[in-house]
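Colleague: Starting from the known structure of chain A, arrange chain B on it as the hints suggest.
Number of protein chains: 2
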Amino acid sequence: MASTTRALLLVTLSVCAIGSANKTPYKEHVFRTKVDHFAYHNDETFEMRYMVADQYWDRNGGPIFLYTGNEDDIESFITNTGLMWEWAPEFNALLVFAEHRYYGKSMPFGNRSFESPSKLGYLTSEQALADYADLLLHLKAKLPGAEKSPVVAFGGSYGGLLSAWFRIKYPHLITAALASSAPVNMFPGLVPCSTYSIAITEAFRRVSELCTQAIRQSWSPLEAMGATEKGTKTLQEKFNLCQTLNPGNYTVFRDWIRDTYAVLALVNYPEPGSLITPLPGSPVKAVCNALTKAIGNRSAMVDAVAAAVNLFFNSTGTRKCHDVSIFQSAVPSWRFQGCTELVMPVCSDGVTDMFYPSSWNLTEVTAKCRETFGVTPDIYKSVMLYGGGHLARATNIVFSNGDVDPWASVGLLEPPSDSVVVIIIPDAAHHQDLRFSTPLDSEALTAARRVEKNYIRKWIDESLPVPEKTPRVVAKKRASSVLFKFSF
Amino acid sequence: MASTTRALLLVTLSVCAIGSANKTPYKEHVFRTKVDHFAYHNDETFEMRYMVADQYWDRNGGPIFLYTGNEDDIESFITNTGLMWEWAPEFNALLVFAEHRYYGKSMPFGNRSFESPSKLGYLTSEQALADYADLLLHLKAKLPGAEKSPVVAFGGSYGGLLSAWFRIKYPHLITAALASSAPVNMFPGLVPCSTYSIAITEAFRRVSELCTQAIRQSWSPLEAMGATEKGTKTLQEKFNLCQTLNPGNYTVFRDWIRDTYAVLALVNYPEPGSLITPLPGSPVKAVCNALTKAIGNRSAMVDAVAAAVNLFFNSTGTRKCHDVSIFQSAVPSWRFQGCTELVMPVCSDGVTDMFYPSSWNLTEVTAKCRETFGVTPDIYKSVMLYGGGHLARATNIVFSNGDVDPWASVGLLEPPSDSVVVIIIPDAAHHQDLRFSTPLDSEALTAARRVEKNYIRKWIDESLPVPEKTPRVVAKKRASSVLFKFSF
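Here the protein sequences line up with chains A and B, keeping their order.
Numbering-wise, the first sequence is residues -18 to 469 according to our numbering.
Numbering-wise, the second sequence is residues -18 to 469 according to our numbering.
Hint data in this document are derived by calculation from the structure and do not stem from the laboratory.
A portion of the hints provided could be inaccurate.
One copy or any two copies: either way a pair holds, since identical chains are not told apart in the list.
Simulated pairs of lysine-lysine, DSBU-like, Cα-Cα distance not exceeding 35 Å [as the list claims (entries may be wrong)]:
1) Lys123 <-> Lys349
2) Lys219 <-> Lys4
3) Lys301 <-> Lys8
4) Lys349 <-> Lys121
5) Lys349 <-> Lys100
6) Lys439 <-> Lys100
7) Lys266 <-> Lys121
8) Lys301 <-> Lys274
9) Lys211 <-> Lys349
10) Lys214 <-> Lys86
11) Lys100 <-> Lys266
12) Lys439 <-> Lys8
13) Lys439 <-> Lys129
14) Lys434 <-> Lys211
15) Lys434 <-> Lys301
16) Lys121 <-> Lys211
17) Lys86 <-> Lys100
Please read these numbers as outputs of a predicted model, since none were measured by experiment.
Looking at chain A on its own, in the form it has when it is part of the complex (with noise of 0.2 Å):
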């Protein structure tokens, strides 16, 4: 469920560009660097895209602010990082948006990149990471005026994780990095793998306490239908799917429904949008009316669901039918990472959750990855390479998350150490902070945004040289405290 209703997210976020398209001109290049960052048993380089903005640049040292790509076209997030856009001039920024390996058209084997584990095996964040330094290192070589800027890195989600490791990783390129709504507890064995599901459903009983008991008792009806040909027809007619439905697929339609709920909670904006798909203002609570009025009476809790869905899907009724397949089509770079490094452990019980029991099974996930990959899921990699939730001794890193959010239940929301920002803010979804300001921006988004930028500053002005007048003095007083001549 996951990782599909995230990967949806970030697919279908790339509509709102158009609007604010005039304001960010760039130009794309490309850069070629090494397929293998860490072995030498091949010679092969491909040529990632990245995206520049130099209008605001000062280019006497002045900072560079890197969106460090995530799953999808580096395109996606260049109008959908407003933040990077409004803060440029102020800092005298230039502005870099680098594309993930295997996404977009930065593919290290062209066509055949998803042959097999042979060309997919090279998708992993270390190597994506490394792209990354590798280019930073390039563009401070190339541009007059780089060599010493300061960079920061700027991320939302997994882009928010790559951010994050990048300044962990990498402290010697990375002064500073805004991790936006970036998941660090999401893998095997740091919280419950409930934690995703009730998250959501505290989302709606936020809105109503009852509607997550109708959603609850909606599972009972649905799949009793589910269970016959008769059923599944009337499923098939009350939902209006595009599909043929039946007993044998039925697992499909249900997992869709939850699917779509998960979602709901993602874009539970007050205003009406156009997010994912056209909504009313406060959707969730719209939904919710009508489930909570039918509780007691499976019919009608069936017909319920049927309008809910129809209301996140078709609220301007254009939609002559719906496809139970579209929270399955993330490309298979994300389900490979899905397969190996980013392992997603969710399930559901159906008691502190309002979904239908499903367990998370590690033998069967690795068997569907191999079957699908020929890849063995790498549980505990993420953590040992970059610690998890872990992050007492990171530095200068802000993780923001919006209280709505349900990724935000397995984000940093304690801060570890002086040296890291947790954010939390009231009302904000998915990565909202990083987006362009607008009038509707509540005051708690504002304000986040201030604190965010005020800490960027403050750790960019903490690594510049100290100024010519007074080096000397500086460099005594650090030589008497920890350089050490013994001479006796």
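Modeller: Positioned in the frame of chain A, the structure of chain B alone reads:
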């Protein structure tokens, strides 16, 4: 030059292990880890070796001292890192010595490990660090009480680089590092390629300015003899070589003499020793006495060089002949690393140094590496991954260097920040501070070890959780400064 002499030093250091063996009971283990931690094109694993000494360990969270094994069998480091043994009782530490992949018995592909780049290509520092990270996670999961143990990395020379890099790359796993004689600036573009040759010359100049002039003058008569059959026959006899010398292999002979001077500088202890070969006290002085007397007399000069070489290799008079290939016998693993990411430019000009002109040419190096291993040197890789000597953002690392160690010339000699400590120890040799203390140790060496220990202690203490009594106060203080929850 550089790579061969370093490898030699490490290989022969193990000669000293016997004397201290009784202090160091330990157990040998193996741990199965991935051949490739950063890609998923194969599932291969291999067994790395590690040694454990737990007799001093406080199983209630005592620290783990981890030696980050470098370019030799792990046994070579166990007794030559006596410092860890001497500190263990006071720190109640668990001692772990990890063997570097492709050295000793830790062969990813057994006897076939050196077959081709497709096998040897997984020999990189990042893969080795990931092996160590994987081992640590394993130990922390397996050993009751180790889960929250702080980990201190120790290493000398390339092992020193690895211990510093381990702290930089895995701050969630490594609390602090003692990096002794770590040549952070040995990579292309960081210091002039002449640096190391000048440092060796300086080691001789300290003993006698005239001696460096003598050595500089000695190459001309040697070279004249090396150009003819008759001359090389005479050299072969005068130097008592095991090999047949002719004009075709004269440069091997010449480089062997150069490397002998380099190693003499490394082991120029005031007391008689047997670190590499049995030697009188102050061997450089002994060698220089003969050389300076011969100044101006070409024939006497050749004899003096022969005497110098003989003093180094045969002070006991038991060696039948001299093997001129002795410095070229570095294991293929180390030469492979020198052909990939550990490229060390060394050159000389015969003016600023006491050697003959010898350029460092990337084209030639590349051609040789391609011919030998089928790989192309990746000259900027180490700087990209680790920052070279630009360590302003590193924390909790002690870098120590002996000021008579030519390798100190490419070490970190100025503290880049208040969180990195630089110690320069007068009259100390290559990672001498890591060795068991002896009654002959200088006061400076003893003081340096004391400072090192205090910093390691301080960083361990800072990393420990605040005791049960006061956590809420601390948590509150932290929260108020870095956790923002907006509520308007």
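Colleague: Check lysine 439 against lysine 8 for me: Cα-Cα at most 35 Å, and say if that holds within a copy, between copies, both or neither.
Modeller: This pair counts as within: shortest intra-copy Cα distance 29 Å, inter-copy 50 Å.
Colleague: Within a copy, between copies, both or neither: where do lysine 434 and lysine 211 come within 35 Å Cα-Cα?
Modeller: Answer is neither; intra-copy 59 Å and inter-copy 77 Å both fail.
Colleague: At most 35 Å between alpha carbons: which applies to lysine 434 and lysine 301, within, between, both or neither?
Modeller: Neither, since 45 Å and 73 Å both go past 35 Å.
Colleague: Could you figure out if lysine 349 and lysine 100 sit no more than 35 Å apart (CA to CA) within one copy, between two copies, both or neither?
Modeller: So lysine 349 and lysine 100 pass the 35 Å test inside a copy (19 Å) and across (29 Å) alike.
Colleague: Is it within, between, both, or neither for lysine 100 and lysine 266, if the alpha carbons may be no more than 35 Å apart?
Modeller: Intra 46 Å, inter 60 Å, cutoff 35 Å: neither.
Colleague: Can you tell me if lysine 123 and lysine 349 fall within 35 Å by alpha carbon in one copy, between copies, both or neither?
Modeller: Result: close only across copies, 29 Å inter versus 45 Å intra.
Colleague: Have a look at lysine 211 and lysine 349 and pick one of within, between, both or neither, based on CA distance no larger than 35 Å.
Modeller: Answer is within; shortest intra-copy Cα gap is 31 Å, inter-copy 75 Å.
Colleague: Given identical chains, is lysine 86 near lysine 100, meaning Cα to Cα at most 35 Å, within a copy, between copies, both, or neither?
Modeller: Answer is both: 15 Å inside a copy and 31 Å across each meet the 35 Å cutoff.
Colleague: Since the copies are identical, ignore which copy is meant and state whether lysine 349 and lysine 121 lie within 35 Å (CA to CA) inside a copy, between copies, both or neither.
Modeller: between (43 Å within a copy, 30 Å between copies)
Colleague: Reference check for the pair lysine 219 and lysine 4, CA-CA at most 35 Å: within, between, both, or neither?
Modeller: For lysine 219 and lysine 4, neither the intra-copy (44 Å) nor the inter-copy (80 Å) Cα distance is at most 35 Å.
Colleague: One pair to classify: lysine 121 and lysine 211, alpha carbons no more than 35 Å apart. Within, between, both, or neither?
Modeller: neither (66 Å within a copy, 56 Å between copies)
Colleague: Evaluate lysine 266 and lysine 121 at a C-alpha cut-off of 35 Å and name the case that applies: within, between, both or neither.
Modeller: neither (50 Å within a copy, 47 Å between copies)
Consistency note: the structure conflicts with the earlier hints numbered 2, 3, 6, 7, 10, 11, 14, 15 and 16.
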